[in-house]
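Chain by chain, the residues:
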Amino acid sequence: MIETRGLTKTFKDKKRGEIRAVDNVSFVCKPGEIYGLLGANGAGKTTTLRLLATILEPTDGTAIVCGYDVVEAPEKVRANVGFLSTATALYPRLTSQEMVEYFGRLNGLDEATLKKRVDDIFTRLDMNSFRDRRCDKLSTGMKQKTSIARTLVHDPPVMIFDEPTLGLDIMTARTIVGFIRECRQRGKTVIFSTHVMSEVEKLCDIIGIIQSGKLLAEGSLAALRSRYSENDLEEIFVKVVAPHYAGQEAN
Amino acid sequence: MNLRNIGIVYRKELREALRDRRTLISSLLVPLLLFPLLTAGIGAAFSALIGKAKEEVPAVMILGGDDSPGILAELRGSGKIKIVPTTQNWKDAVINKEIRAAIEIPAGFQDDVAHEKSATLLIHNYEGDVKSSIATGNIQKGLEKYRDRIVHDNLAAKNLPETAFKPFEIKEHNVAPPEKVGGAAFGGVIGYMVILLCLTGSMYPAMDLTAGEKERGTMETILSSPIARVDLVFGKFFLVLTTALVTAALSVTSMGVSFAVLGHLHAFDTAGADAAQLQLHIGIYTVLSIFIMVLPVAVLFSAGVMTVSLFAKSYKEAQSYVSPLMFIVIIPAVAAMLPIDLTAKLALVPILNASLLCKELVTGTYHWNFIAIIFFSTCVYAAAALFLAVKMFQREDVLFRS
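Protein chains in written order, with the working numbering: chain A, 1 to 251; chain B, 1001 to 1402.
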């Protein structure tokens, strides 16, 4: 379960002054649900997810992840979260197996549990053929699978995906989408950010549209269609974002 | 702090470092090969060239001396020089290295000597040219023998003893033990090398583990794990410290072996020094005390370079930040090679204090009050640098600088 309460993050910029990357964002994401954070580039998606993964600290407000406050118990939050993004790269000089084991150990798994968990994941994701290959020698698809295994090794109840399919080919992107679905089936709380409408339509139970750090609209796809009298998600997105987008561009 | 997590990070970083060719070259290969190549290689080449120069019988011209057949016969019979026919442009011949020197014998030299009048022989040479210096030495030795023989004959003719001319001898006697002699000669260099190599040993891994991680995108990956940032910093820091100390240890070992081999080959003999005196005797206790003193310096460097590198967005940017550090370290380290003695004030100057102390330790001198001041002051500086490194790892504007 994820619950954000007035989550806010500001950055100071020498030229532009104070920037409110995330502005008073509140939402709830329940177990067995996929929450899609939809927004344009620079809308505040990555910052929001980094705040939930406690990579960044909120300036104001907070979030509760699996019962732990991101400000007060960031390490406990991270122990319950699997975070995957295109920015979370692999250590080039470790093998695929060593990479996953490293994160398993950092998550406090003992050696016996770790071995069993790694064997299970490598079999399930069909990774045994490259488990001893160094990460810098892996193909993009193999790298993504290793990243997925890295996020899964401690079996976290919450999964956070930051534009996980960005720049990937169709086959690799499908693997990721399939994996996100599987997480929901296993009862995990899933939140993911994207600006790909088709992914949102296929995957999300709840959609949050974010622009200029503000959560402008929220609801299921059906609810949004009804509220904005539009069937096409792209049109709904434009209707929601356009007034704010123009303002942001002017800035 | 969680020691288990620090150990996990350290082991992982060590594994990656051992698989990284650049780290292996900078931390293991360079210190192992640098000194044998620099000292033994260049020393051997130097001694071989000097030996070859010494073997050569230098060509020399004689200016004048037609009325002094005695000295001409002496010079021709020496065998250490080859007399070539004199030409008008003898000066150019010396400058162009066609001959190594020219001996000018004044008119009436033999008569003046016979009548016990003062006379001067002039050797025209090329100052700074090794072969010309060797020729000058050979000529001087031959002429001194000739002069001694004349003095001996003159004294004998007057029934005077040899002591009438030379009433007493002056000799030098070294009372310092060989290790102190060697230490005085090389102590400054050893301190300088150990400190400098501690820095160079820490530089590559420190940049790779901070700016390199940012550049490769693994920083965000590790920050998403539950490890506390302080544990992450310590795990990385211990790896940087290990490479700094390994580099320094290998350098000292390699340097010791190189000097021992060089001393054994009496290579210094040809350079005019006493090989036995210049041999470097470093006991195991001296080595240990140097390392104990260098430890906080290595901590200071490792934490300092990590902190500076963390500001950078890429490895290249980190290199441009870290390079100036070399000068900050080299200046006090070089200063220790100058005739500066350790004082209470200097004992508080970072890097210079450790460098001066290394010089003392190598000579077997232990000023415990200075050792205590230096050790604790350097520990304080090192702790401050480490504290700063931890603080930097907690700053979002540093970790996610764009």
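Just so you know, these hints were derived from the structure itself, not from any lab.
In this text the structure is predicted, and so the values were computed from the model without any measurement.
Treat the hints with care, since some could be wrong.
No more than 27 angstroms apart at the CA atoms, straight line, and that leaves these computed lysine-lysine pairs for DSS-like [said to hold, decoys possible]:
no.: 1; chain 1: A; residue 1: Lys12; chain 2: B; residue 2: Lys1158
no.: 2; chain 1: A; residue 1: Lys239; chain 2: A; residue 2: Lys202
no.: 3; chain 1: A; residue 1: Lys15; chain 2: B; residue 2: Lys1316
Hint by hint, here is what the structure shows:
no.: 1; hint: Lys12/A x Lys1158/B; in the structure: 101 angstroms, violated
no.: 2; hint: Lys239/A x Lys202/A; in the structure: 21 angstroms, holds
no.: 3; hint: Lys15/A x Lys1316/B; in the structure: 25 angstroms, holds
The structure does not agree with numbered hint 1 stated previously, though it agrees with all others.
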